[in-house]
Each structure stands twice: as structure tokens, then as C-alpha cells.
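S.K.: Residue numbers (the numbering used here), protein chains in the order written: chain A, 84 to 381; chain B, 84 to 381.
Since the hints were derived computationally from the structure, they do not count as laboratory data. Everything hinted at is true.
Where chain A lies over chain B, by a calculated footprint (3+ residues, C-beta under 8 angstroms): (1) 247-256; (2) 323-331; (3) 346-360.
To give an idea of the interface, some chain A residues facing chain B are shown, with a C-beta separation under 8 angstroms as derived from the structure: (4) E132; (5) L324; (6) V325; (7) M347; (8) T350; (9) A351; (10) N352.
Glycine residues also receive a C-beta, built at the ideal position from the N, C-alpha and C atoms.
Take a look at the letters that make up each chain.
There are 2 protein chains.
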Amino acid sequence: MDKIRITEDFRSIQDHICLELEKEDGRGAFREDLWKRPEGGGGRTRIFENGRVIEKGGVAFSAVEGPTPDKILQKLQLEKADFYATGVSIVLHPYNPMVPIIHMNIRYFEMSNGINWFGGGIDLTPHYVDKEDASYFHQQVKNTCDKFNPEYYPKFKKWADDYFFIKHRNETRGIGGIFFDRLSSKDGNEMQQIFEFAKSIGYLFPKVYRHFMNKNHNLPYGEIEKEWQSLRRGRYVEFNLVWDAGTKFGLDTNGRTESILMSMPPTANWQYMQEPKMGSREAQSLSLLKKDIDWINQ
Amino acid sequence: MDKIRITEDFRSIQDHICLELEKEDGRGAFREDLWKRPEGGGGRTRIFENGRVIEKGGVAFSAVEGPTPDKILQKLQLEKADFYATGVSIVLHPYNPMVPIIHMNIRYFEMSNGINWFGGGIDLTPHYVDKEDASYFHQQVKNTCDKFNPEYYPKFKKWADDYFFIKHRNETRGIGGIFFDRLSSKDGNEMQQIFEFAKSIGYLFPKVYRHFMNKNHNLPYGEIEKEWQSLRRGRYVEFNLVWDAGTKFGLDTNGRTESILMSMPPTANWQYMQEPKMGSREAQSLSLLKKDIDWINQ
Numbered sequence: 084m085d086k087i088r089i090t091e092d093f094r095s096i097q098d099h100i101c102l103e104l105e106k107e108d109g110r111g112a113f114r115e116d117l118w119k120r121p122e123g124g125g126g127r128t129r130i131f132e133n134g135r136v137i138e139k140g141g142v143a144f145s146a147v148e149g150p151t152p153d154k155i156l157q158k159l160q161l162e163k164a165d166f167y168a169t170g171v172s173i174v175l176h177p178y179n180p181m182v183p184i185i186h187m188n189i190r191y192f193e194m195s196n197g198i199n200w201f202g203g204g205i206d207l208t209p210h211y212v213d214k215e216d217a218s219y220f221h222q223q224v225k226n227t228c229d230k231f232n233p234e235y236y237p238k239f240k241k242w243a244d245d246y247f248f249i250k251h252r253n254e255t256r257g258i259g260g261i262f263f264d265r266l267s268s269k270d271g272n273e274m275q276q277i278f279e280f281a282k283s284i285g286y287l288f289p290k291v292y293r294h295f296m297n298k299n300h301n302l303p304y305g306e307i308e309k310e311w312q313s314l315r316r317g318r319y320v321e322f323n324l325v326w327d328a329g330t331k332f333g334l335d336t337n338g339r340t341e342s343i344l345m346s347m348p349p350t351a352n353w354q355y356m357q358e359p360k361m362g363s364r365e366a367q368s369l370s371l372l373k374k375d376i377d378w379i380n381q
Numbered sequence: 084m085d086k087i088r089i090t091e092d093f094r095s096i097q098d099h100i101c102l103e104l105e106k107e108d109g110r111g112a113f114r115e116d117l118w119k120r121p122e123g124g125g126g127r128t129r130i131f132e133n134g135r136v137i138e139k140g141g142v143a144f145s146a147v148e149g150p151t152p153d154k155i156l157q158k159l160q161l162e163k164a165d166f167y168a169t170g171v172s173i174v175l176h177p178y179n180p181m182v183p184i185i186h187m188n189i190r191y192f193e194m195s196n197g198i199n200w201f202g203g204g205i206d207l208t209p210h211y212v213d214k215e216d217a218s219y220f221h222q223q224v225k226n227t228c229d230k231f232n233p234e235y236y237p238k239f240k241k242w243a244d245d246y247f248f249i250k251h252r253n254e255t256r257g258i259g260g261i262f263f264d265r266l267s268s269k270d271g272n273e274m275q276q277i278f279e280f281a282k283s284i285g286y287l288f289p290k291v292y293r294h295f296m297n298k299n300h301n302l303p304y305g306e307i308e309k310e311w312q313s314l315r316r317g318r319y320v321e322f323n324l325v326w327d328a329g330t331k332f333g334l335d336t337n338g339r340t341e342s343i344l345m346s347m348p349p350t351a352n353w354q355y356m357q358e359p360k361m362g363s364r365e366a367q368s369l370s371l372l373k374k375d376i377d378w379i380n381q
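Make a model of the complete structure from these sequences and hints.
M.R.: See below:
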């Protein structure tokens, strides 16, 4: 694969996404931080704070290289080699609890020993689960997957359910989406198609999120909904800091902390033994944070 | 060691601490949850919310037993054995940012193969580091240590500096205190002294924390201080969820989530690249979140 081409296409995707989000938000604009990694490469982190729809979020691009960290080598049981990694990573926290939190990531990794792969995914974390929204989201994701391989959606949907799972709460983080890792092929044409698939996910992102920003931002909410949002944001923190492999790996290998933790919400609350009232919208949402729900054909 | 005696003494320490804190707070009272562990044993978690001085906190006692979790056996490279563990664990988050967050833990662990030890510690996390408060705290802790062994304070103070360190921020969590683990002796008298030492830390806790509650609760503060408190609470969350061995182990081995995460603050905030203004009290505090400060002889 041509890593320069991949890097440039990923950077363009970051540009495209930021423009689209600024258009939809109307008020906020991204501020940009360019940073260098001492061991090689760097990134372009773009942060959105205090917009009209988006309260806090980031769209990060990075392309880093150097000796492969020992932790990766051990895991893969490989000898020393250099690596190159590039990707786009996004988390957005909206003001309105009726607008879902969203996460998207696409990434490419290669090593000087010839190993290379793509990974990524997109998943939605509504504070209040709306079945129609969930169905729309999964349908959009499935349509994108189906253009490349009919096996992608079912396989990667299950992977997301298993990955975005808060084990100590026995809850999924949200309604899932897709997650894939180490997607690769020895066949050059196939590998090119995997690259196109990753890019499609990148371009799908602003389309689906603009849909939710536009549709849900003016829905009414009050104190109860804001409090629930804060508690769900607390769960988001728990997932990311306790279970998310990318976050853990980044913090453990001296990654750029501020870029890794741009996924943190602006605020989060914790209450002891908080349990929503039976029959409430909060209880209804919680009951839907389960694996293996067929959101498209509910 | 007589595990029943240890268990009873630890439970009495929980009672004593709760009474002392209620006396000082004046408004709040603990609410109690009794819980059972399916594999054996249980606990008595006491939660304090919305007091006069304390906003959220817990004083937990537990005594659990059963087959030793595989993760511990692997770490110790031991064959299958049963275990018994009892302890008292506390985290308190005050309203007033001038009152420090505090953490205390004492614990006893034994296995059917004869291995046994005590562990524990006490450490202070001021939102604003006050050198006199820090000196007072460390002097009190040192006095308690010195009654048992002059080597304890320097050794366990260093251990706390290394343990309560937020590696990805290159900051200590607070001003430290002491941390010790696997403290044991084959000599019965010595082991009894270690037990007495652990209890002394338990009894020291309400004494020092009442001091800070009383002395600092009426200090003035405004929005800037509340915002800084929220950000420092965010750091507390980061330490506990990313680095704290006890939290990670508990969540990983199906511990009681609500008791483990009673350490979470009521609220926490994150801002991208938040850096206090040069020369501000916040910057001054941050500059003191370093290892190896001799707080007693500054």
C-alpha cells in the first residue's frame, strides 16, 4: 500500500468532516493544534468547544512512525521493526441530551516487516435510545458496508457490540455500530478495496451525524434529561478509561495525552447506586443497552 | 493471625470513622448498604451524600472469601488456594475546594496456603496545595508510623509518591502520604504489631480529616475555584480508572462495582489543554504535584 496516499486521503477526510460539522453547527469553529511526536511523526488535533449543537469534541488526524513499541511487538510476538500508523479519530459530545454522542475512527498500520492492516469503526451513544434513530443509524452503516462485502455489517456489528461493552456495568456503551481491526489482504486489489471501505466510513460520518444534529437539536429537555446525560457521560468516561484498548494503549505508551483524552466529556457525574425509576424514559433507555439487538429489524 | 479478630476490629474502625465524620459534618448521615458476594462473604458500604462539608464519599467495609481469583494466583505464581480478605476503604469529596479530597485504606489478605499480609495507606489530594496543611498531614502520618518503625514513614512515603502518580499527566494525584502492601512477618509478635500499625492508620484518619474539615470548610471560594476543583476531580477519575491497581483489579474480577466506584467524585470536568495562568494559585498547586517533596521539612 502507498502510505503517503493513505495519509493524504485521511487528512482530506479530517478536513471534510470539520467543514461539514462547522456548517451544521453554525456557531462553533475548530481550533487546531499541530504537534510532533519526539520519536517521529505528529498530528493535527482539531477541537470544537462551546458550539451551538456540539459542547465539546475533537476530530484528530495523526501520522506517526518510528520503532514499534515493545508492547505491540510482544502482543504480536514479533521481532523489532519500524512502524507507520495514520488515522482519523472523532468523539463529539452535544449539549442537548436528545442528540447522541458519536465516535468514529479509521486507521492504517504497517510495519517494516511487511505486516499491514486497516481498522476502525463508527458507533453511536444516545443518552436516550430512540429506536427509529437507532434503526436509521444501523441502516446507513449497513448500506455502506454492503457496498464492499455483505459479510462486513453482521460481522463488524457483532464486534462493536462486544467491544463497546462496559463489563463492570453489564451495559453496552450505546447502541453500537461497527468495529473492525486488522483487516488486511495479500491481494493488492482487495487491500485497495479495504482502503476504500475505511474511507467510506469516514465520509459516512458527517452525513449521519449532521442528520442527528439537525433532527434532534431542537427537541425539548429539562433538568432530568441533563442529569441523566451527566450520568451517561460518566459511563462514557468509565468505558474509555477502563476498557478502551486504544485509550489504554495510548496512555501506556506515552501517546499525546491531550489528543487521546479529547474523548472525555465536558462534564460527568457519579451518584451511588443511581437507578432510573421503573417505566421512565431513562429506564427504557437502559434496558436497550444490550448486545445483539437487531436494530434494523426490531 | 486471627482473621475473625481482624475483621471485627476493622468493622469497629468503620463504625468509629462514620461517627466521627457525622459529628464533624453535622448535616449528613451515612446510608448503609449490606451486600453479599455470590462466591462468599460480603460487605457493609456506607455512603455519604450532600452533607454540609462532604459532598460525596463512602466508608466501605468488606470481608470476602472463596477460591483465590486466577489473576492473583497467576501474579503470585501459586497453585489453587482459598483466600480471605477484609478491609476498610474510604474516599471523601468535599464541597469546598479548599478542603482536600482524602483516601484511606487498610486491608488484610490471607490464603489457605499460609500466605498472609497487611496493606493500606492514607493520602491527601488538595485541590489547592497549602504547604502548612501538607506539612501537618505528613507530620501526623509520620508520628503514627514512628510509633511502630522509624523506617516505615520514609519507605511508605516514597511508595505513595510512586503509586499515586498519574503517569500520562506526569503529575502526582495529590501530596501523597503513605502506601504499603504485603507487609508481613513470620514472627507472630511482629505480625501483631503490623496489625496494630494498620489499625493506627484507621484511627488516625478521622483525626486528620476532621482537622481539615473544621479548619478549611469556611474558607472563601468562587467560580474559579469550583472550576479548578472540577478539573482536579477529573484527574482523580483518571488516576482511579487508569492506574489504580485496586480499582482495576476489582472491576476486572467482578467485584461489586458500586462499592469500588464510590471513589468517583460527584462531578468532574474536562477541558482540552487546560493550563492554569502563570503565577495563579492553580499553577502554584500544579507545580507542587511532584514526587519526592519533603513536605515536613520544606
